[in-house]
Each structure stands twice: as C-alpha cells, then as structure tokens.
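These protein sequences, in sequence, are chains A and B.
Take the first sequence: its letters are residues 1 to 271, numbered as in my numbering.
Take the second sequence: its letters are residues 1001 to 1234, numbered as in my numbering.
Hints in this document: simulated from the structure, not taken from any laboratory.
We put the beta carbon where it would ideally sit given N, CA and C, even for glycine.
No incorrect hints appear here.
Footprint (simulated), chain A over chain B, 3 or more residues, beta carbon under 8 Å: (1) 1125-1133; (2) 1136-1143.
Pairwise CB distance ranges, derived in the manner of DEER restraints: (3) B:A1221 <-> A:R230: 43 to 53 Å; (4) A:A199 <-> B:R1153: 26 to 36 Å; (5) A:Y162 <-> B:A1221: 17 to 27 Å.
In case you want the letters, here they are:
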Amino acid sequence: MQPSISPKILFSAIPTDAFWPAAGTARDVAEAGGASILPLRLEGVTYTRGGQSLLHEVTFTVTAGASTIVLGPNGAGKSLLLKLCHGLLRPAAGRVVWLGPAAAQAAERQAMVFQRPVLLRRSVAANVAYALRLRGVCRNERPDRIRQALEMAGLLPLAGRYARVLSGGEQQRLALARAWASRPEVLFLDEPTANLDPAATRAVEEVIQLCRASGTKIVMTTHDLGQARRLADEVLFLHRGRLIEQAPAARFFDLPATPAAQAFMRGDLLW
Amino acid sequence: MDDLSGALQTALVLIGRMDPGLTEIVWLSLQVSVTAVLLASVIGFPLGAGLALSRFPGHKLVIVLLNALMGLPPVVVGLTVYLMLSRSGPMGELGLLFTPTAMIIAQCILVTPIISALTRQTIEDLWSEYEEQLRSLGAGRGRAVLTLLWEGRYSLFTAVLAGFGRAIAEVGAVLIVGGNITHVTRVMTTSIALETAKGNLELALALGIVLISLALIINAAVYLTKDLVFRYSN
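All chains, please: the whole structure from these sequences, using the hints.
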C-alpha cells in the first residue's frame, strides 16, 4: 500500500483519515509524539532445546516503518525467532534488546498473532475487549476501540457471534483485530495464513496492510515466497537456524546474495 | 413379591402427595450436599487451577495425592471428622458434632479432592493451549487463572456435578458425624439404611426412588453440558 511514505508521516496522518477516527487518548498522543520502542536488536541470539541448537548466533536490527518478513523453509527457526523477539522465549545465549527511547514500555507496546489463533470462548467483540482490558484501556474507551478494530478486520457484522464458530480466516482476522486493538507499535505475525485458502489469505493480507498503514511495524514469518513478495519491504532469510541474509525486499528478490536464498527463490527444495 | 409391589405403590403415593416426612429428609439432604459442594468448589477451583499453573518441588507428589484422595473412603472421613469434633477432640468446643454443619464439613472433605483434581486437569490442558497467547496479551498469573477458569466453565460444571453426585449418595461419613437424628440430621441415605433395617420399606423405597431420580437428573445434566462443550469447543 504506500511503501514509499516514511513511517512518521504515515503515523501522523492517521487521525485525519476518515477510516481512523481519532481515538485520542493521552497515551496514543504520547506515542504519536515519537517516543518509540524501536529499533529492536538481536545480538548473537542462540536458542537450544534438548541439547540441539535450533537458532545459532542470530544478529540483526529491525527499525520502524518498513515491514520485515522473516522468510525461510519450514523448520528454519522462524517461529522461534519471533517468539524470542516477542519475549515469550529466552535465548540460551545472546540478547534481545529494544533500543528506542520508550524501551521500558516495550512489553505492552507489542503484540503477536500466532499460526493457530487462540480465541477465547466468548463473543467476537468480547475477545477484543479482553485484550483491551489487559492493556489497561479504560472502560468507556473500549467500545470505540472494539468497533474500529472489528471494522478494520471486516468483522463488525459478526461482533456478537461466538468466536469459536468463525471460519479459519475469520478467526485469524479476529486475532489480528484483537492484537491491533491495543495499538501496538510492533506486531509480530507468525505464519498467519499458513492454514488458509487463497481467498482467506487475501483477506488476512488486506488486514495486515491496514495495520501497517496505521503505522504499526509488521514483523512476519512466512515460507510462502509469493506472500513475501506481496508484503515485504525488508527480508530476513533464515535457513537451518542461521540468519543467511538481511536485505531490502527489492534487492533480495532480484539478486539474492547467497546460494541458499537463490535456491529458495528458484523453488528448489531446501531443508 | 406382594410385599414389594405393595411397598412400591405406597412409596409412589408418598412421593405423589409430597409426604412431609419425606420432603423434610430430601430437603435436608439437598441443603447439606449443595452447601458442601459450593464450599468445595470455592476451595477446589483455586486449588486445582493454582496446581495446574505452578511448579514447585513435590508438585507431582501433590497431584498423585490429590488424585488418590478422590477415592477417599467416606467412613474414614467420617471417623476423622468425628474425632476432630467430638467433645474431647481439638474442635470439640464448637459443639458441632451431630449437626448438619458437621455433615457439610465431612462431605466437603470428600468432594474437594474431586473438584480440585478435575479442575487441575482441565486447567492444565487449557493452559498448554492458551499459555503463549495469554502471556502475549499481557496476562499475569492471577489473571490467567481467572481466564482459564472461565474458559473451562463447561468442564468445571461437570466436575461440580460429579462432586454433588458423590456427596448426595454417600452414607458412611454423614452417618458417623450426623448421627441420623430425626428432624435434625436425617438425610436420604442414612434414612434408607435405617428404615430398611426397621422393615419400613415404603419410606426407604420412596427415598431410594428420589435418590435415583436425582442421580438421573445429574447425569443428564452432565451429558448435556458435555454436549454443549463439544459443540462450542470446535
């Protein structure tokens, strides 16, 4: 959607856009004021399980704005990497640090959507309300936030439905809406379309683009090359637990620098 | 054979016209067992959920013990509570022996392990599914426990009903600590035992029919909630 506009301009432009009613809490304004938790830096991050090294000395930095796609075959360690970034796992060695001025609030200003969405056994709207309550959004503000989030995900007509009876694509869009509702600065997406058919995938990708347009930094894993091309501004190519390449999307797709990435781009089977 | 059919007929008549003697006993049984199960739930939910989410040395041992306590023999519980509450016991001063309160305590002790063990199992299963999502949303341990209890509400309701089934059908404990005193501590099971011994088969049968009907209703409720869980959890 607007890949050339800088993130700052995008962010400050949000309230003027008709689609994004200015839900101006003090905190939102403070956030828009520029205090950011980004960049995120991983330094020599290694993760082992059962004596096996699943991620090996991964070092990179992601900055605000551009959507970062973590690309690689299944088993490359993409999900692990995302969970380490999000703080759900601790590295065996190395460190994960938020370098921005608002780094102290990093935990509450990021959100994650998992490969298999875990929805609560309540209504669609109540799922979003739950996330907002946990983030300390005050009670009178919640209805607006819920409406905006569901509208973005195209789920407003289903607000009263029981969440667990939604289709796979709708469930994933609800997970996105729930994650986005608290206005995270960074949104981690772990193969959000892995189990979906093309139509549902397209709908989910549209919601992801809307999240991005609202100024949320997207960090997403995928093994789907086509999806990476559609969504990536920047690519981290992961293979067998190692970060092989980090490059702007255009360059990565035109001229992958490493043999492994070239093979992946050709559609060879990597393992 | 004539004796039996005659007794059955009289029993049905007793139930049909809501015989005061009969309803008094049924009502007391329900009061005692419902109170015991409510108390056991108040103790058992947090205990089971806490066990599910915490890890400490001896955690496995506690779980094994808790599961073993599900099969606690009622007479042993009755005896223990009796010793505690008897005049010379540590809580003799309270004068609770041979009161409905003593029966509630005994049944509560019987039911709490059932409810906590089933709660632990339910919450542990849910936790493995929800953990990452709840941590990601920023839920602390306390919030997670509350959320999971609510998420597991249908299964937990089944646990409560199982506990109630155990409480209402149990004889040994309430007989020992209640004493089966007319109008005071006489419940369905103890009355059946007594009336049968006395040869008063009509009342015994009437109470038996009520008890079995209750068991049927409870099982139907369990079945229906399971059905509901299945429909909504997929």
